[in-house]
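Working from the sequences, and respecting the hints, build out all of it.
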Amino acid sequence: MSSIIKLFVVSADTRSERRFDLHTTIEQLKAKLELITGVPVQNQKLSLHNSEDDPQIVAQLDDGIKQLGYYNVRDFQTLKVADTNPSTSFTGQLSDVSQVEKFELSDDAYAQRTDSVLAYKQRHKVGRFAPPSAEPAPEPTVNFPIGSRCEVESTEPGLHKRGTVQFVGQTKFSTGLWVGVEFDEPMGKNDGSVQGVQYFTCRPNYGVFVRPSKVTVGDFPVEEIDFDDEEI
Numbered sequence: 025m026s027s028i029i030k031l032f033v034v035s036a037d038t039r040s041e042r043r044f045d046l047h048t049t050i051e052q053l054k055a056k057l058e059l060i061t062g063v064p065v066q067n068q069k070l071s072l073h074n075s076e077d078d079p080q081i082v083a084q085l086d087d088g089i090k091q092l093g094y095y096n097v098r099d100f101q102t103l104k105v106a107d108t109n110p111s112t113s114f115t116g117q118l119s120d121v122s123q124v125e126k127f128e129l130s131d132d133a134y135a136q137r138t139d140s141v142l143a144y145k146q147r148h149k150v151g152r153f154a155p156p157s158a159e160p161a162p163e164p165t166v167n168f169p170i171g172s173r174c175e176v177e178s179t180e181p182g183l184h185k186r187g188t189v190q191f192v193g194q195t196k197f198s199t200g201l202w203v204g205v206e207f208d209e210p211m212g213k214n215d216g217s218v219q220g221v222q223y224f225t226c227r228p229n230y231g232v233f234v235r236p237s238k239v240t241v242g243d244f245p246v247e248e249i250d251f252d253d254e255e256i
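Quick note, the working numbering runs 24 ahead of the 1-based positions in the sequence shown.
The hints are simulated quantities; they were obtained by calculation from the structure and are not laboratory data.
Mimicking SDA-like on lysine to any residue, the simulated pairs with C-alpha atoms at most 20 Å apart in a straight line are:
no.: 1; residue 1: 30; residue 2: 96
no.: 2; residue 1: 213; residue 2: 194
no.: 3; residue 1: 104; residue 2: 80
no.: 4; residue 1: 69; residue 2: 37
no.: 5; residue 1: 213; residue 2: 178
no.: 6; residue 1: 56; residue 2: 44
no.: 7; residue 1: 56; residue 2: 88
no.: 8; residue 1: 104; residue 2: 94
no.: 9; residue 1: 56; residue 2: 98
no.: 10; residue 1: 30; residue 2: 97
no.: 11; residue 1: 238; residue 2: 183
no.: 12; residue 1: 69; residue 2: 80
no.: 13; residue 1: 213; residue 2: 189
no.: 14; residue 1: 213; residue 2: 224
no.: 15; residue 1: 238; residue 2: 179
no.: 16; residue 1: 69; residue 2: 83
no.: 17; residue 1: 56; residue 2: 33
no.: 18; residue 1: 104; residue 2: 77
no.: 19; residue 1: 238; residue 2: 223
no.: 20; residue 1: 213; residue 2: 229
no.: 21; residue 1: 238; residue 2: 195
no.: 22; residue 1: 90; residue 2: 26
no.: 23; residue 1: 56; residue 2: 40
Structure below.
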């Protein structure tokens, strides 16, 4: 049986998982804990708990000459290290930001600085300081008549996603021009509706919306899928 035990060590400023030898005396343990928690040996009050959130104390490790194994310690229990005299150490001060003097700068004073993010944006015309952009390019026109047969680009080799054009135009779910296609097979993502808005009607998982660049309109008849006898 291994004499090494795994414990969670918790103090006011630290929390870590550590390994200790069960033959370590409490006095030796406190010396190790000072390096881990920063709590001086003479200030330490050690208590063993089943978990960090469990207020019930399993054992009080207060006998310096006894070994850790004397207290029937189990793996992954929590060893809490309390500081009985925090005024003589830095316990709690490292995480207490209330004692930190805050640097405050008024809006007017900040605007006068030349080394600020605001000044950088003003000099380089970034963000709200950028000049008005040119008129957006008009949407490309497409000739995809409703009811046209089409094929949608697929990333899977040999897979033809064929269907019928059911919608061409703007949508509420995104900007730009979209083409709504009803697939011949249930390879889609919807029933012609997105976010509660119905753009066309089809069976569930037969509808999809794609950009015009992904669609080719032409003579794409419905493909008949032949199943081998072994696959029936």
